[in-house]
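Quick mapping for you: the protein sequence lines, in order, are chains H and S.
Mapping the first sequence onto the numbering used here, position 190 (from 1) lands on 190, and the numbers just tick up by one.
Mapping the second sequence onto the numbering used here, position 7 (from 1) lands on 776, and the numbers just tick up by one.
For the record, the hints were derived by calculation from the structure and aren't laboratory data.
Keep in mind it's a predicted model, so treat the numbers as computed, not measured.
Treat the hints loosely; a few may be bogus.
[Unchecked claim] Calculated cross-link-like contacts (lysine-lysine; reagent style DSS-like; alpha-carbon spacing at most 25 Å):
(1) H:Lys406 - H:Lys487
(2) S:Lys946 - S:Lys957
(3) H:Lys287 - H:Lys261
(4) H:Lys745 - S:Lys831
(5) H:Lys677 - H:Lys745
(6) S:Lys928 - S:Lys946
(7) H:Lys257 - S:Lys787
(8) H:Lys256 - H:Lys235
(9) S:Lys864 - H:Lys471
(10) H:Lys256 - S:Lys928
(11) H:Lys418 - S:Lys787
(12) H:Lys711 - H:Lys745
(13) H:Lys487 - H:Lys472
(14) H:Lys487 - H:Lys500
(15) H:Lys477 - H:Lys487
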Amino acid sequence: IIRQKNPKKKTYYAAHVMTPLLSAPGEKMAAVQDAPMELDSEKETKPEILSDGTSNLSGNTASGTLSSPPLTAGGAPKQEDQQTLIAVLQFLRRNKLTESVDILRREACLEDQEDSQTLDGSGGGKGDGDGGDANSLLSRVSIASAAAPQSTLTPIPVKSEYDQPDVSVVLSAYSQQGDPSLYQVYYTGLKNFIESVLDCHRAELSQLFYPLFVHMYLELVYNNHETKAKAFFEKFSGDQECYYQDDLQILCGLTKKEHLKGNEALLDFRTSRFVLRISRDSYQLLKRHLQERHNNQIWNIIQEHLYIDIFDGMPRSKSQIDSMSGSFAGETRREVNKAKVFYGLLKEPEIEVPLDDEDDEAENEEGKPKKKKTKKDSMGSKSKKQDPNAPQQNRIPLPELKDSDKLDKIMYMKESTKRIRLGPENLPSICFYSFLNAYQGLTAVDFTDDSSLLAGGFADSTVRVWSATPKKLRKVKSAAELNLIDKESDDVLERIMDEKTASESKNLYGHSGPVYGVSFSPDRNYLLSSSEDGTVRLWSLQTFTCLVGYKGHNYPVWDTHFSPFGYYFVSGGHDRVARLWATDHYQPLRIFAGHLADVTCTRFHPNSNYVVTGSTDRTIRLWDVLNGNCVRFFTGHKGPIHSLAFSPNGKFLASGSTDGRVLLWDIGHGLMIGELKGHTDTIYALKFSRDGEILASGSMDNTVRLWDSMKAFDDMETDDFTAATGHIPLPDNSQELLLGMYHSKSTPVTHLHFTRRNLLLAAGAYNSQ
Amino acid sequence: MTEREERRFAEVPRESIKLMAESSGVELSEEVAALLAEDVCYRLREATQNSSQFMRHAKRRKLSVEDLNRALRWSNTETICGYGAQDALPFRPLKEGELFFVEDREINLVELALATNIPKGCAETMVRVHVSYLDGKGNLEPQGTVPTAVQSLSEDLLKYYQQITRAILGEDPHLMKVALLDLQSNSKIAALLPYFVYVISGVKSVSHDLDQLNRLLHMVKSLVQNPYLYLGSYVRSLVSSVMYCILEPLAASINPLNDHWTLRDYAALLLSHIFWTHGDLVSGLYHQILLSLQKVLSDPVRPLCSHYGAVVGLHALGWKAVERVLYPHLPAYWANLQAVLDDYSVSNAQVKADGHKVYGAILVAVERLLKMKALSLTLAAEGSGAGLPGTTTGAVGFRENSPGLSPPSEPLSEPPLGIASHLQAGGAGCPWEEWTPVSLPAMYCELYSFFGDSLAVRFSTGPPLGGATPPGPCQPLEGRKEPASSAPNLENTRKMPQLTASMNISPRQDGSPRMEPQPPSLAATETRKTCSVEVPPGPGLGTTDIFPKARFPLPQAGPPAFSFIIGGRQMGRRCQGRRFQTSFTPTPPLTTHPPRAYAHKLPVIGRVSKPVRRWTCSHYSLHLPL
C-alpha cells in the first residue's frame, strides 16, 4: 500500500515543486510560494483518490481530511485547518498511531511552511498503522473520508461546541442506527411540518427535502436495509424537484452497501456537505420544530451532512431558489465568492500603429482617414489608463511580445476600426461552416482569432486543419532543403515554405481516442488537442507535426484552451481536475481540484489571470492562476455545463449546459444576473461579439440564437450591497433579450466565433440522419 | 417480482444468470444467482451512465457501442468487440417464445475478399461555407443542401447534360432551339438541376459575350418554365444570375455596337417571370432585390447601362416596386440624368445616347405606374366586384404589358396580392425609406414636371370609356394651374393635361400592324415596347372627357406630326431601338422653371444603332414558341 501511495504523492509533490516554473518565460523566477500554495497541493491529492476509488482506500484517511479545504477554498482556511488537524490527531491517537501523532504535532507547529511534508509524513506514518490493522481500517476508511472533513465544517450556529469534536460520532456517520422503520415517519413528519408553515418559509425549507432524502436513503442502504430503502425511495422520490432526476436515477439503482464503495458520485455526495441557503427566520422555525419534536435523526443529518448558510433578510421565493439550486452539492456559500477577483483587462502594450498608407489611399473619400485617426487615438487613451479592476501587469508572468505578435496586434487594430457595431437593430450576418461527410464524427471545432484557420477534432482520433482563406496550408521545407535557401533574402519566410505541400487541409495523426477539444494558440503557430486517450497534444502549424504530448490526466481530457497570451493552457477531464500547463513544461504548473465530477469545459479569462471550469457536477468554478485558489463558485445549472464564454471586458461570464439554458454571471460580485431560456437541447457553443453587445449561443437543437447581452447586463444593478445577500431577483425576460433565432437545416452548432469585424461564424457537422 | 416491476430500469432476471452460468458449466444456487443478477444490473447501469458522458462529449444524441466500450475500458472491464459498425443493429424477436436477439449474419469472407466490386471510398471530409443569414435576416441558401460529392449521376444523365449544354452553348441555332425545348419539358432532369444552375452561374465569366449571355438566359427561362422541376433553393442562384445580366456593367456593353439593352430587357422580363411563377420560392428575395436595384440607382458612379437595368428591373417587378423605389428616387436621379443629357459635346455623344435610353425606360415605367395606380383607384372606387374580371383582362391586353409575364392578378386593388403583399410586409420595417403613399394627382403633377407632355401624350391615346371617368381623384386637379404657367409662351393659358382613368380599362387596340397575339411567354419582349402613338382621339370623338387632352396638335391639325415610339421596336428590325420624337425642336431650357424644362429639351430618345447581325440570329430564338 505504501508503495502504491508514494508515487501518487510524488506526482502532486512534483507538481508543487514545479510551481516556480510558472514564472518561466524568459524571466527570473518570481517566487510564487505562499500560504495558498499549500491549499493547492492539498487539493491535488484528492483527484487521485477519488478516481481510484476503492483500490486506494488506505490513502483516504489522510488525504480525505486534507481534501476539505478545496471545498472551502477562498474562505477562511486557517481556522478550519486547525480543526482538521485536531480531528486527525484524535483519529490517529485512537488508532494508536503514536508515531504519526508525533510527526503531525511537530509539523503542525511549523504551521504553513512545509505542508507538503506534512502530507508525506502523515502518509508514511499511517502506512505503519495499516500493517497491523488494515482490515478494520478499510471498513472504516470510507466513513472516515466522509466524516473527517465534516468535523471541520460545522454549521455556524453550533460551532462553539465543536472545539473538541468527538471523533467517534463523526466516524459513525452512516453507521448510526436509527430505527430504519421510523425513517419514513421522520421524513413524513418533516414534510408535514414544512407543508404547514407559512408560504414564504415553505419554499426555503423545501430545499431540505432533497438532501435529507438522499442521506436517509443512503443510510438505509449503508446499513443493509435494502427493502426499507427501496420502500423509502418509492414513497418519496416523487416529491423531489425535477432537476434532480438524473441523480435520483443513479440513486435508485443503488441498493447494496457494496455499490456505495465504487460509486464516485455518492462518495462525493457524502464527503461534501450539501449547502443550503436559508433566511434566518426560516432556519429558526426549523430549528424550533426539530427541537420540539426531539427529531434527532433529522437534526443529526442536518448538522453533519448539510451546511446551512444563513442570511439575514427576506426569505427567498421559490423561483429564486430554483434558479440557484440544482447542483450536485447544493448552492454556493456566500463567503466562497467573497474573494476579490481582478476581472479587468490588462493594459495593452503600446505599439506604434503606422497609419497605413495604402489603406488611406484606397479610401480616398473625404472624412474617412480622419475618422480613423480619432478612433485610434481614443483606443490609445483607453489602453493608457489602468483599469482599477485589472490585475497587476506582472501578476502572472506573461510571454513577451514577439515582432510577429506586434504585427498581429496592428492587424487586429486595423480590423477593429472596420468592425461593425452590433446591437439589437444591427444583428450580425452569420456564416455557417458545415462539415460535410464527417462520418467519423465531429467532436470539436476551433477558429483562430483572425478567422484564417479552422480546426476540427474527430471521433476517429484525427485532427484536421483547414484554411478558411484562399491561402493554402504549407509545410516548412525539410532541413536539407532549408540549408539550400538564401537566408539573407527578404522573403526568407516565404522561401522556407514548401510549395509542393500546399493544400486546403492537413490531417494531424497522433491521438488514440476521440479528440474532444481543440484550441489554437493566439499566434497561430500551434494547435492544442485533447483526447480520450488522456493526453493533450501540441501541434506545430508550421510543420504540421506533433511537438509534445502532455500526459497528466490519466483519464479522458474533455477540453483544453490556450491562454489569450499564449504559452499557458488549461485542460480539464474525467479525473475531476483542471490543470494549468505551460507549453514548455511537460508537467502541469497548477492543478485545480474541487469539482465533484468531470471537468467538462475550460476557458481562460481574457486577462489570463483566471481560469474558469464547468463540470458535470453542474457547477462553475473560477480559479486564480496565481495561487490555484477557487475564487468563484457558481451554481444554478441543472445539467452538465458544456460551454463557457467570458465577455470581452472580462466582467461577465456566460455558461450553457445540457438543460438548454444560458446563465449570465457577474464575476466581480459573484452573482447570477441572468437566465436565457429558449434552447431545447445542449448548448455547445457560446460567444460574445467583439464588443460584447451580443451573445451568440449554438446548440444541438440546430439553432443559433442571439441575445441582447448589453441589455441583460445593464438591467441588472449589481453593487456590493446586493452582493452581500448573494442573490438578486432575476427578471424573466428571456423573450425580450432574444434578438434572433436562426435555424440550420440539420447541423448541430458545435462552435461559434466572431471575426474581428463582428461577422458571426458558426460551425457544425451536417447530420444527414 | 412485483416490486421489481415498479422499478424504472431493466433488470437481468436470475434465470438468465443461471442459464448463462450453466452454459459455462457452473451451477449456481438461487441465492447466488439473485445476488449476481442484481450486481450485473447495477454494473450495467453504471456503465450506461458513464458511457452517456462519452456520447455527450462526442456531441451526439445516439449512444453508440463505442461509447459503452469506452466506459467499460475506463472501468477496467473487458470491452465488447464486433459491434462497432456505424449502422444500427437490428434487435429481433423470435416468433415463438419471448426471445430477442441481435441479428448476426454470417459473412462469407472468401466472397468478400474476392469480390470484384471494390467499394468506393467515402467522400473526403470537407468544410463548406456559406452565408446563412445576412444582417441577421433571410437565408440566402438553406443550409444542408445535398453536397455534390454525395449525389452521383447516372451515365445517361451525364450524357444528356453534356449534350444539352453543348447544344445550347454551341453555334447551331436549330440545335439550341431543340435543346431548350427539351429542357423546358423534360420531366427527368431533376438531378441535373444543380449542374445547370452551376452552368448558368457562369454568366459572370462570359460577360463579354452577349451571345452566350443570351443563351444562358434562355436556359434559365427553360428551367423556370419546366413544370416538372422544383427549383427549390436553386431559384435564388438563378435569380442572382439574372440580376447580374440586368445590373452589371457587362464587358459587352463597352462596345456601343453590342445591343446589351435588349439583353437587359430580356433579363428583366425573365426576372418578372420568375417572380410571378415562382413567387413562393423567391418571396424572401423580393426585398433584397429591391434594395440592390435601389442601390444601383442611387449610385451615381455606376454607368448608365446599370441604371437602365435597375429601371427595367423595377419595371419588371411591378408598378408597386416602381412606386416605392423609382418614384421617390426620381428627383435625385433626374439631376444626374439631366446633366448627361445637357452635355452636347461630341465626346459625350455615346453617354448621352445611353442617357436617352434610361430616360425612355423611366418614362415607360412611370407611365405604367400611373396607369396601374389610376386603375386601382378606379376599381376601388367602383367597388370592383363585377367589373374586375373584365377590367383585368383589359389590363392584360393593354398596351405595353406582356400577357405571359404579368399574371392577370396584377395588384390593382388595395388589399394587394403577390408582390404587393411583400411590399406591405416589408413596409413595416422598411429600412430604406419611410414611405408614404403619394396620391395619384400629386404623383402625376410631379412626374409631369419631369416629363412634361411626353408623359401627358401617353395618356391621351386610349379611347376613353364614358362614365368610367372618376371625378373623384381628378377633381382637385381641375382648378389647378399648370405649375409652369409662368413660362412666357403659350402655356399659361393651357391647363395641365389630365389623365383619364377611363383609358386604362379599355382593352388595348393596338395599332401596331405587326402585333401578333403573343403566346404567353417571354417572347413578349418585342411586344412590350411596341407602343406607338397613333391617331389620338380627336376632340370631336364625343368623349365625355371633362379634361382637356394633351396640347399636342392632332395629326390632322398640322405637319409637325410626331411619332412616338417609346420603347418601341419594330418587328424585324430588331435594333432600331426606341424612337421618340416630339413635335418640338430643341428649345433652350427654360431657366425660370427647370423641371418643366426637362420635358422640352428631349428631341430624340433612343439610339439608332446598326443592328448586330449575330444578335439578330440569336434573337431569333425569342420568337420561338418555346
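Outcome of the hint check:
1. H:Lys406 - H:Lys487: Given pair H:Lys406, H:Lys487 holds - Cα atoms ~23 Å apart, limit 25 Å.
2. S:Lys946 - S:Lys957: Distance ~19 Å between S:Lys946 and S:Lys957 Cα, so the pair holds.
3. H:Lys287 - H:Lys261: Cα-Cα ~33 Å, so violated.
4. H:Lys745 - S:Lys831: Given that 25 Å is the threshold and the Cα spacing comes to 19 Å, the pair holds.
5. H:Lys677 - H:Lys745: OK: H:Lys677 and H:Lys745 at ~21 Å, within 25 Å.
6. S:Lys928 - S:Lys946: The given pair, whose Cα atoms are some 18 Å apart, holds under the 25 Å limit.
7. H:Lys257 - S:Lys787: holds, 24 Å
8. H:Lys256 - H:Lys235: Status holds; Cα separation ~19 Å.
9. S:Lys864 - H:Lys471: violated, 62 Å
10. H:Lys256 - S:Lys928: Violated - the C-alpha atoms of S:Lys928 and H:Lys256 are around 71 Å apart, more than 25 Å.
11. H:Lys418 - S:Lys787: Given pair H:Lys418, S:Lys787 is violated - Cα atoms ~74 Å apart, limit 25 Å.
12. H:Lys711 - H:Lys745: violated, 30 Å
13. H:Lys487 - H:Lys472: Given that 25 Å is the threshold and the Cα spacing comes to 23 Å, the pair holds.
14. H:Lys487 - H:Lys500: holds, 20 Å
15. H:Lys477 - H:Lys487: holds, 13 Å
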